[in-house]
Structures are given as C-alpha cells and as structure tokens.
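Visitor: Given chain A, work out where chain B should sit, using these hints.
Taken in sequence, the protein lines are chains A and B. Numbering that gives the first Met the number 0 puts the first residue of the first sequence at 0, with every later residue one more than the last. Numbering that gives the first Met the number 0 puts the first residue of the second sequence at 0, with every later residue one more than the last.
It is possible that part of the hints are untrue.
In silico lysine-lysine, DSS-like type, Cα no more than 25 angstroms apart, as pairs [as the list claims (entries may be wrong)]: (1) A:18 x A:30; (2) B:135 x A:51; (3) A:49 x B:101; (4) A:49 x B:99; (5) A:51 x B:101.
To be clear, the hints were calculated from the coordinates, so they are not data collected in a lab. Quantities reported herein were computed from a predicted structural model and do not represent experimental measurements.
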Amino acid sequence: MLVLTRKLDESIIIGDNIKVTVISIIGKQVKLGIEAPVGVPVHREEVYLKIKDENISAANIDDIDNFFSLGE
Amino acid sequence: MKFFSSRLGELNIDETIIINFPEGIPGFNDFKKYVIIQKDNNKTFFILHSVENKDLAFIITYPFFFTLDYSIEISDEDCELLKIDDVNKLGIFVITKIDKDKNLFINLKAPLCINFEAKLGKQIILYDKDYSPAFKIEKTCLSEEQDLKEKLTLMENKILYYNEK
Numbered sequence: 000m001l002v003l004t005r006k007l008d009e010s011i012i013i014g015d016n017i018k019v020t021v022i023s024i025i026g027k028q029v030k031l032g033i034e035a036p037v038g039v040p041v042h043r044e045e046v047y048l049k050i051k052d053e054n055i056s057a058a059n060i061d062d063i064d065n066f067f068s069l070g071e
Numbered sequence: 000m001k002f003f004s005s006r007l008g009e010l011n012i013d014e015t016i017i018i019n020f021p022e023g024i025p026g027f028n029d030f031k032k033y034v035i036i037q038k039d040n041n042k043t044f045f046i047l048h049s050v051e052n053k054d055l056a057f058i059i060t061y062p063f064f065f066t067l068d069y070s071i072e073i074s075d076e077d078c079e080l081l082k083i084d085d086v087n088k089l090g091i092f093v094i095t096k097i098d099k100d101k102n103l104f105i106n107l108k109a110p111l112c113i114n115f116e117a118k119l120g121k122q123i124i125l126y127d128k129d130y131s132p133a134f135k136i137e138k139t140c141l142s143e144e145q146d147l148k149e150k151l152t153l154m155e156n157k158i159l160y161y162n163e164k
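Bound-form chain A, shown alone:
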C-alpha cells in the first residue's frame, strides 16, 4: 500500500484521471472528494464488500423453482 500524507484541500491523482481531495477533517472523520470518469465506480469499502457477499450468495441458487413456487 502506498501511504501518503495530505493536508486539508490537498489532492492525490491516481493514473491520469482519478483525483482524490481532502475536503474537510472533523474529529476522526475525513471527508474526501473524488473525481473519476463515468464508468469507474467508487465505493465505500465495507458496504461494497457486504453487497458483493450478498450477490454471491443470491447467485448460488439451488433450484429456481423454489422461488417460482412461492407464488401468491
């Protein structure tokens, strides 16, 4: 992992077109501004990992008819 220290309002650029700026620092919370091209997703890690796990578990379908027989 590359570790850099930035002050308020300073930025880092990743590759050619992804920019991360320190917008504010309040207590233990750092607000980051991210500029990235459309199509490059930016995610909060722990939520993203949770969604990824949910998707993997949902795609593991034993028998699709279990759903279709739930009916009303």
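Guide: Below, chain B without anything else, positioned relative to chain A:
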C-alpha cells in the same frame, strides 16, 4: 443469438434485449451482458441471466410488491451512466434470495436500475439510505395496481418469455 443456461438449457434471444451493465455486478464484475427472463408467465419473479456465463443468474423482483416504504436517489454520475434524465423511466428491481428454511430476502440496499430503452443497467448501492441488503419478507403488499402496470410495461417485449410447458 443463442446462449446456454445451466438451469434452462439452450436459449435463443434477439440481441436487442441484451442489457449492458458497464460496471458489471459486484462480485461478478467481469460479466456485463444480461437478459431478463419471465418464466412460465410468473409476474412476481424474473430471472436476470448472464449471456456470458451459463451458471450466473439472479432471481429478481419488483420491490414495491413487498415494501411501499422505498425511495431511491440516483446521483448525476449514475444518471449519466444510465443515460437517463428522468428517474421514473428506470425499471427498479431487487435481487432476491431464499434460505434453507424457504425465507425470502430482498436486497433493498442495492437495487438494480435498468434503462430498458438504452439497454443499460447498474446495481446502485444506496450508501446514504438505511435499507437492508437482506430484507426479510413476511408478507406481500401490492402497490397501486395502476402504478405497477406502468412500471411493468417498461419491460414489455424487452425480455425473454420462457415457458417450460
């Protein structure tokens, strides 16, 4: 074109119903092309099936069958990605799963947002909302029938109709 589904066998589709997910779906980012299948005329659950991976499929449903308290906000970036200027033109679906005891769960935290006209989709994670990624369904609650009909007509003729019988 033909593609193979390990659960449904060989399927033949018109390429115009293929929906592109430019960012893939989290956990399966390499696969970008899907079709929606209606099986045996079921109007509650649909299959979102990869055309690139025979084993990859999700059972999806329309969230308003199960909860009326659901509102989605979409960022400007996502509007641009989905080529949409009006959120109401999107088809909103949620991925479902069933546990060993046949309890049904829907992912309200990350709905699938689909522009059927432009054939673009994305699973949008609602970071700022407190919805559950595994909301347990106790009962159904149908929203206004008229509303539902409008939303479901968005997909008419843009999906694969599959009947086993």
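Visitor: Indicate, hint by hint, whether the structure satisfies it.
Guide: Hint check:
no.	hint	in the structure
1	A:18 x A:30	14 angstroms, holds
2	B:135 x A:51	18 angstroms, holds
3	A:49 x B:101	22 angstroms, holds
4	A:49 x B:99	20 angstroms, holds
5	A:51 x B:101	22 angstroms, holds
Hint compliance for this structure: every hint is met.
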